[in-house]
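The task is simple: from the sequences and hints, build the whole structure.
So you can see what is in the structure, the chains are spelled out below.
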Amino acid sequence: MVYELIIGLEIHIHAKTKSKMFCRCDAKYFSAPPNSHVCPVCLGLPGALPVPNKKAIEQCIKLSLALGCNINKFSKFDRKNYFYPDLPKGYQISQYDLPFGYEGNVEIESTAGTKSIRITRVHMEEDTGKSIHSGAKTMLDFNKSGVPLVEVVTEPDFREIKDVTFFAKRLRQTVKYIGVSDADMEKGQMRFEVNMSLRKVGEAALPKYKVEVKNIGSISVLEKVIAYELKRQSELLDKGETPVQETRGLRDLTGVTHSQRIKEESNDYRYFPEPDIPPITFTDEQIFANRETMCELPTDKKARYMKNCGLDSALAETLIATKGRAEWFEQAIEGVTDNKVVSQIAKWFVGDVIAFMNANKVKLAQLKLSHEMLRELVELLNLGKISSTIAKQILPEMLETGKKASVIVKEKGLEVVNDEGAINEIVKKVIAANPKVLEDMKKNPAAYKFLIGQVMKEMQGKANPQVVDKAILEALQEK
Amino acid sequence: MNQDELKKLTISTASELLASKKLSSVELTQATLDVIEQQEPVINAFITVTKEIALARAKQVDELRAKNERLSILAGIPYSLKDVYNVKGVQTTGGAKILEGYISPYDATVEVLMKKSNAVLLGKTNCDSFGFGTTGEHSGFGPTKNPINIEYVPGGSSSGSGASLVYGGGVFSIGEDTGGSIRCPASFCGLAGLKTTYGRVSRYGAAPYASSYDTMGPMARNVKDVAIVLEHLAGQDARDATTGTAEVLPYSTLLDKSIKGMKIGMPKEYFGEGLDPEVRASMEHAADVFRSLGAEVIEISLPYTEYAVAAYYVIGTSETSSNLARLDGIRYGIEGEGDTWMQKIKDVRGKGFNDEAKRRIMVGTYALSAGYADQYYKKAQQVRQLLKKDFVRAFTEVDVIMTPTMPVLPPKIGENESDPLKLWLMDAFTVSVNPVGVPGLSVPTGFAKNGLPIGMQLIAPHFREDIILNVGYQFEQEVK
Chain A
1 MVYELIIGLE
11 IHIHAKTKSK
21 MFCRCDAKYF
31 SAPPNSHVCP
41 VCLGLPGALP
51 VPNKKAIEQC
61 IKLSLALGCN
71 INKFSKFDRK
81 NYFYPDLPKG
91 YQISQYDLPF
101 GYEGNVEIES
111 TAGTKSIRIT
121 RVHMEEDTGK
131 SIHSGAKTML
141 DFNKSGVPLV
151 EVVTEPDFRE
161 IKDVTFFAKR
171 LRQTVKYIGV
181 SDADMEKGQM
191 RFEVNMSLRK
201 VGEAALPKYK
211 VEVKNIGSIS
221 VLEKVIAYEL
231 KRQSELLDKG
241 ETPVQETRGL
251 RDLTGVTHSQ
261 RIKEESNDYR
271 YFPEPDIPPI
281 TFTDEQIFAN
291 RETMCELPTD
301 KKARYMKNCG
311 LDSALAETLI
321 ATKGRAEWFE
331 QAIEGVTDNK
341 VVSQIAKWFV
351 GDVIAFMNAN
361 KVKLAQLKLS
371 HEMLRELVEL
381 LNLGKISSTI
391 AKQILPEMLE
401 TGKKASVIVK
411 EKGLEVVNDE
421 GAINEIVKKV
431 IAANPKVLED
441 MKKNPAAYKF
451 LIGQVMKEMQ
461 GKANPQVVDK
471 AILEALQEK
Chain B
480 MNQDELKKLT
490 ISTASELLAS
500 KKLSSVELTQ
510 ATLDVIEQQE
520 PVINAFITVT
530 KEIALARAKQ
540 VDELRAKNER
550 LSILAGIPYS
560 LKDVYNVKGV
570 QTTGGAKILE
580 GYISPYDATV
590 EVLMKKSNAV
600 LLGKTNCDSF
610 GFGTTGEHSG
620 FGPTKNPINI
630 EYVPGGSSSG
640 SGASLVYGGG
650 VFSIGEDTGG
660 SIRCPASFCG
670 LAGLKTTYGR
680 VSRYGAAPYA
690 SSYDTMGPMA
700 RNVKDVAIVL
710 EHLAGQDARD
720 ATTGTAEVLP
730 YSTLLDKSIK
740 GMKIGMPKEY
750 FGEGLDPEVR
760 ASMEHAADVF
770 RSLGAEVIEI
780 SLPYTEYAVA
790 AYYVIGTSET
800 SSNLARLDGI
810 RYGIEGEGDT
820 WMQKIKDVRG
830 KGFNDEAKRR
840 IMVGTYALSA
850 GYADQYYKKA
860 QQVRQLLKKD
870 FVRAFTEVDV
880 IMTPTMPVLP
890 PKIGENESDP
900 LKLWLMDAFT
910 VSVNPVGVPG
920 LSVPTGFAKN
930 GLPIGMQLIA
940 PHFREDIILN
950 VGYQFEQEVK
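Residue numbers (our numbering), protein chains in the order written: chain A, 1 to 479; chain B, 480 to 959.
In short, the hints are calculated from the structure, not lab data.
Not close to chain A: a few residues of chain B, all C-beta gaps over 10 Å, as computed: (1) 579; (2) 596; (3) 735.
One side only, chain A facing chain B, incomplete, derived with CB under 10 Å: (4) 46; (5) 48; (6) 79; (7) 268; (8) 270.
Footprint (simulated), chain A over chain B, 3 or more residues, beta carbon under 8 Å: (9) 554-568; (10) 683-695; (11) 716-726; (12) 794-801; (13) 838-850.
Note that this is a predicted model, so its numbers are computed, not measured.
Glycine residues also receive a C-beta, built at the ideal position from the N, C-alpha and C atoms.
Pasting the structure below:
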């Protein structure tokens, strides 16, 4: 039987702040010695009180706005009560019924075009400590305790694995763009939880069960988990069984899930308003200011590149991959009004420049190629002063040395040869060496184009391709 | 200085003696420590006596004074802290066995402020564990006795703060009040005790009972001393998000104002059945004193009073059940036994909490549970709003509300052992003040036939400690 996926996501993102959510400890705990970033507050000592981090709340508001959410002008923190060794207070400070952001919407590119993913809520909470199991012993490290987390919860709107992937990548990109998080997966700064079930194609109601897979640390594992669960749940349903409503966990990165906790036994978290923190209110002006100061989001950028610059989807997507890349591109096309030129710059940048950077592990900031240099290269090309072959040939040198195209061309005598006499001579030679061409042209009139390449090769790419084209056609007509 | 002198010593007198160098802080501190040593085997007012800290600070103050440094009025004056306040390097138990041996690595804001004033810390006083108690009998470190008559309780939960001041073990003490824990022992011990406005004094570093009720405040031998200490404690604290921005007033300089024309309201709900006749008579006498001072005393009504105790305990126990969850024996306090973490935590909480703590954790957990939260926790929060409205309305009619602090005279030790509910009801007059958040001052009004003191409670609007301190002081001067 073919089933339809019903997937909702919960994503935990470490907000980028100097200090932790409710104390003054340094939030950059990664690779620090265990329990070196702790204080009475994040250790849950008696009498210690939480004071909310303003910056973290701002980050949560920003992400809420970026995901199209409404902002609760009256909000509060709540206590989520449960016992666990790495939860030092016996409760986690989170948000229950009044999250900072609610009812948002994100457009994703799906098989059948654009699709809407509804965002249920965006709320703020604190991270727990970390249990490190070693044989029969468990050790506790509270460095992570109290690090600010933004949690994004979606409605069960995903129907395809690649929709989940697209959303996850776009979300990661978005938080990095707006500076809410570095979203470094290897440091656990972004973690996914999948809520998943299957229904028969054509059914409208949500299935009666839901399987939760927690603590997924990468997008590729996320894909594997969904694929695994799709198979596992399909097989159960095929046998006429309903998968158990439960929480499942991962033991490795293969995507294979294991039963952890049956949902019926789940905790009653006894949420109630955190009495140590007064309610938080926002004015329209504050919300507006957050919206105004936010940079252009990746989705909007992409749409603008496609609409205003006439770039295709794939090219635009590559350009917006990171904010830095998009910014570099935008500076490179500054003052350029011709979309053809914009597109050329985009292609050279995405193709050769980025390939060079990847191959040589060069960052944008270290790039010796200036925006003006790339613009000049395209300009020389468009003025017919160099051929594209030469352009391709000299770009690596420009990238390595920071020398302008015009300088290299002059130094090496790579200007385009427009001298018809010289070109005609080579053309004759090439035609003589390829007598079959006339025959081939009867079947395919464009077959002669092959000869252009041959001539260019003979002339080390310096010939003006238009002149060569003309010369070949003329020479062939004479035959 | 002998015990009789120490028993009467006030901040004003002590600070004059110290400033004029007729007495050194080391002499005063040593004399006080001697009295404590002599009294403690019977009274049990202290859980920890910080003798070394006390003498070191006293010596330091004497040195500063020798150099003619400008010092606070509290400099060199011995005080104690209820054992809920964290003091770096000193055991902090909240009166509970589960925290026995826990040496705190940090100072509560209250202690930071006292240290800054160069006051001399004598030690940490006994209390009903986590503030759960009205009598001082429910400490994990044994009951405190009332030095006025050791057969009687000193009141609670800041029992040691009250009792130690009675026998001369310090000039003032800082208690903590969640439902009467400062006002009750002040009343039973014949002291002035102030429950401050919620948010007036930082809670940072005070082991909590119920976070939305807990308030920090001074206990002392007279109203003026209370006012002086408050000046040093009040104010916003960056470490406590619930502290308020209201201006800190020079309380001790505002005491002399006449209370002529002031309106004082006696809520009829507080003078009904069950009020001890001697307490009633003492309140009537106090009302006459106010009239003689030119104040107008009228009857008012706080109609939601009858729901106050129930609402108070539902919210209080709910918050407590969560606040005490951190006591799992993993990071501090006594250790649990068992093979798994769950066994250890069960063991540690089983043996570390007394029956009263267990009772409150269970009640609070129930009140917050899915399916019950609406009818208990949320309903109680609604009542709390109504109680607030009661007080707001009353303060449109009167400047101050006056009630008995306690409806009964101090009971004998062990008298209410078998009836926890009776103890909960003993708080009836003090508890409603905490959910509302307004300040309440207990001032002695006289003595019962058995020689035990009686106190009245003066209540003012939020952040108007100045009004009740003024009224209390004027009363005190008149009856002196």
